[in-house]
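J.: Sequence:
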Amino acid sequence: MSKSSEEVLLIIKHVKHKKCEGTLYMMGERLAWMQGAKDSFSVSHLYADIKVQKISPDTKDKVQLQVVMHDGSANTLHFNNPRGREAQVRDREGVKEILQQLLPKFRTKINSELEAKNRMLQEDPELFQLYKDLVASHVITADEFWANRAGKQTSNSKNSLQEVGVSAAFLV
Numbered sequence: 001m002s003k004s005s006e007e008v009l010l011i012i013k014h015v016k017h018k019k020c021e022g023t024l025y026m027m028g029e030r031l032a033w034m035q036g037a038k039d040s041f042s043v044s045h046l047y048a049d050i051k052v053q054k055i056s057p058d059t060k061d062k063v064q065l066q067v068v069m070h071d072g073s074a075n076t077l078h079f080n081n082p083r084g085r086e087a088q089v090r091d092r093e094g095v096k097e098i099l100q101q102l103l104p105k106f107r108t109k110i111n112s113e114l115e116a117k118n119r120m121l122q123e124d125p126e127l128f129q130l131y132k133d134l135v136a137s138h139v140i141t142a143d144e145f146w147a148n149r150a151g152k153q154t155s156n157s158k159n160s161l162q163e164v165g166v167s168a169a170f171l172v
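Here this note's numbering is used: the first residue of the sequence shown is 1, the next is one more, and so on.
Since the hints were derived computationally from the structure, they do not count as laboratory data.
From the three backbone atoms N, C-alpha and C, an ideal C-beta is built for every residue, glycine too.
Misleading hints may appear alongside valid ones.
Claimed, not checked - Label pairs and their calculated CB-CB ranges:
(1) 57 <-> 139: 31 to 39 Å
(2) 82 <-> 140: 22 to 30 Å
(3) 126 <-> 86: 48 to 56 Å
(4) 98 <-> 150: 38 to 46 Å
(5) 61 <-> 115: 24 to 32 Å
(6) 61 <-> 124: 19 to 27 Å
(7) 13 <-> 103: 38 to 46 Å
(8) 53 <-> 136: 17 to 25 Å
(9) 100 <-> 127: 16 to 24 Å
(10) 119 <-> 83: 47 to 55 Å
(11) 46 <-> 86: 41 to 49 Å
(12) 144 <-> 20: 39 to 47 Å
(13) 38 <-> 124: 18 to 26 Å
(14) 62 <-> 150: 40 to 48 Å
Said to hold, decoys possible - The list that follows gives simulated cross-link-like pairs (lysine to any residue, SDA-like), each with its CA atoms no further than 25 Å apart:
(15) 16 <-> 117
(16) 51 <-> 37
(17) 117 <-> 98
(18) 18 <-> 40
(19) 18 <-> 100
(20) 60 <-> 38
(21) 18 <-> 5
(22) 117 <-> 89
(23) 62 <-> 37
(24) 13 <-> 134
(25) 62 <-> 100
(26) 18 <-> 117
(27) 51 <-> 27
(28) 105 <-> 85
(29) 62 <-> 12
(30) 60 <-> 117
(31) 13 <-> 78
(32) 117 <-> 142
(33) 13 <-> 83
(34) 51 <-> 84
(35) 18 <-> 98
(36) 51 <-> 82
(37) 105 <-> 9
(38) 38 <-> 21
(39) 60 <-> 84
(40) 18 <-> 44
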């Protein structure tokens, strides 16, 4: 199920993800969802990876919560408690409250790194197009993209930091 040392803050049964019934786990550092009879998580997101949460309006029939990631992907959870709409809303509100408390704590960890990446994409249209072509179309992950860029950046920065000097032959 999870690491044995992981603290479980909340367990909610009867939560659907992509029309499959399962259980939602709110843990100390991540949110995870496990499909009914399975023994491993189908969905697992670190709180640091979650950009924002959205809830369905009260006018909608389905009681839902959507978590949007920093990379633009999203997962929608449908609360389907058999006790009725009141119980479904209560379940969702419990998850929403925990996320409201935990997301700001984890958000500060990645802000500076994310801002640097966004700045690079805004300043370089070719890099942004490459990012869209590779990451948005799921050819490679965002982590793979940035790991590859980091290797290129360090080799470029070494070249640009090297100052032009005077040949030793001129010093005689």
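J.: Next, verify each hint and record whether it holds.
T.: We went through each hint and held it up to the structure:
Our hint of 31 to 39 Å for residue 57 and residue 139 holds, since their Cβ atoms are close to 36 Å apart. In this structure, residue 82 and residue 140 break the distance hint of 22 to 30 Å, their C-beta atoms being roughly 42 Å apart. Hint check: residue 126 to residue 86, Cβ distance near 53 Å, so the stated range 48 to 56 Å holds. Look at residue 98 against residue 150: about 34 Å separates their beta carbons, and that is not inside 38 to 46 Å.
Taking 24 to 32 Å as the suggested C-beta distance range, the pair residue 61 and residue 115 does not conform, at roughly 39 Å. A beta carbon spacing of about 45 Å between residue 61 and residue 124 contradicts the range 19 to 27 Å that was offered as a hint. Between residue 13 and residue 103, the C-beta spacing of about 23 Å breaks the proposed range 38 to 46 Å. The hint said 17 to 25 Å for the Cβ distance between residue 53 and residue 136, and at roughly 22 Å that hint holds.
For residue 100 and residue 127, the Cβ-Cβ distance of about 34 Å falls outside the hinted range of 16 to 24 Å, so the restraint is violated. As the Cβ distance of residue 119 to residue 83 is approximately 48 Å, the hint placing it in 47 to 55 Å holds. Checked against the hint of 41 to 49 Å, the pair residue 46 and residue 86 fails, with Cβ atoms roughly 31 Å apart. As the Cβ distance of residue 144 to residue 20 is approximately 28 Å, the hint placing it in 39 to 47 Å is violated.
The given range of 18 to 26 Å is broken by residue 38 and residue 124, whose C-beta atoms sit roughly 42 Å from each other. Between residue 62 and residue 150 the beta carbons are some 42 Å apart, a value that agrees with the proposed interval 40 to 48 Å. A distance of roughly 34 Å separates the Cα atoms of residue 16 and residue 117; the hinted pair therefore is violated under the 25 Å criterion. Our distance criterion of 25 Å between C-alpha atoms is broken by residue 51 and residue 37, whose separation comes to about 30 Å.
For a cut-off of 25 Å, the pair hint linking residue 117 to residue 98 is broken: about 28 Å separates their Cα positions. Taking the CA atoms of residue 18 and residue 40, the gap is near 16 Å; set against the 25 Å cutoff, the hint holds. Among the hinted pairs, residue 18 with residue 100 is consistent with the structure: their alpha-carbon atoms are about 24 Å apart, no more than 25 Å. With a CA separation close to 30 Å, the supplied pair residue 60 and residue 38 exceeds the 25 Å bound.
Annotation: proposed proximity of residue 18 to residue 5 is violated, straight-line Cα distance about 29 Å (limit 25 Å). Using a Cα cut-off of 25 Å, the hinted pair residue 117 and residue 89 is violated, with the two alpha carbons roughly 37 Å apart. Distance hint between residue 62 and residue 37 is fulfilled; the C-alpha atoms sit about 23 Å from each other, no more than 25 Å. This hinted pair does not check out: residue 13 and residue 134 have alpha carbons roughly 37 Å apart, beyond 25 Å.
Note on residue 62 and residue 100: the hinted pairing holds, with a Cα-Cα distance of about 21 Å set against a maximum of 25 Å. Between residue 18 and residue 117 the alpha-carbon distance is near 31 Å, which puts this suggested pair outside the 25 Å criterion. Between the alpha carbons of residue 51 and residue 27 the distance comes to roughly 17 Å, so the proposed pair stays at or under 25 Å and holds. For the suggested pair residue 105 and residue 85, the alpha carbons sit about 31 Å apart, so the restraint of at most 25 Å is broken.
At most 25 Å may separate the alpha-carbon atoms for a hinted pair to count; residue 62 and residue 12 meet this at roughly 16 Å. As the CA atoms of residue 60 and residue 117 are separated by approximately 37 Å, the hinted pair breaks the 25 Å bound. Distance hint between residue 13 and residue 78 is fulfilled; the C-alpha atoms sit about 11 Å from each other, no more than 25 Å. Distance restraint check for residue 117 and residue 142: the Cα-Cα separation of roughly 11 Å lies within the 25 Å cut-off, and the hinted pair is therefore satisfied.
Of the supplied pair hints, the one linking residue 13 and residue 83 holds, its CA atoms being roughly 12 Å apart against a limit of 25 Å. Restraint check for residue 51 and residue 84: not satisfied, since their Cα atoms lie roughly 30 Å apart, outside the 25 Å limit. This hinted pair checks out: residue 18 and residue 98 have alpha carbons roughly 23 Å apart, not beyond 25 Å. For the hint pairing residue 51 with residue 82, the CA-to-CA distance comes to about 30 Å; that exceeds 25 Å, so the pair is violated.
For the proposed pair residue 105 and residue 9, the alpha carbon gap of about 16 Å is at most 25 Å, so the pair holds. At roughly 11 Å between alpha-carbon atoms, residue 38 and residue 21 fall within 25 Å of each other, so this suggested pair holds. Distance check on the hinted pair: residue 60 and residue 84 sit about 14 Å apart at the alpha-carbon level, within 25 Å; holds. Between residue 18 and residue 44 the alpha-carbon distance is near 14 Å, which keeps this suggested pair within the 25 Å criterion.
Of the numbered hints stated above, those contradicted by the structure are hints 2, 4, 5, 6, 7, 9, 11, 12, 13, 15, 16, 17, 20, 21, 22, 24, 26, 28, 30, 34 and 36, listed in ascending order.
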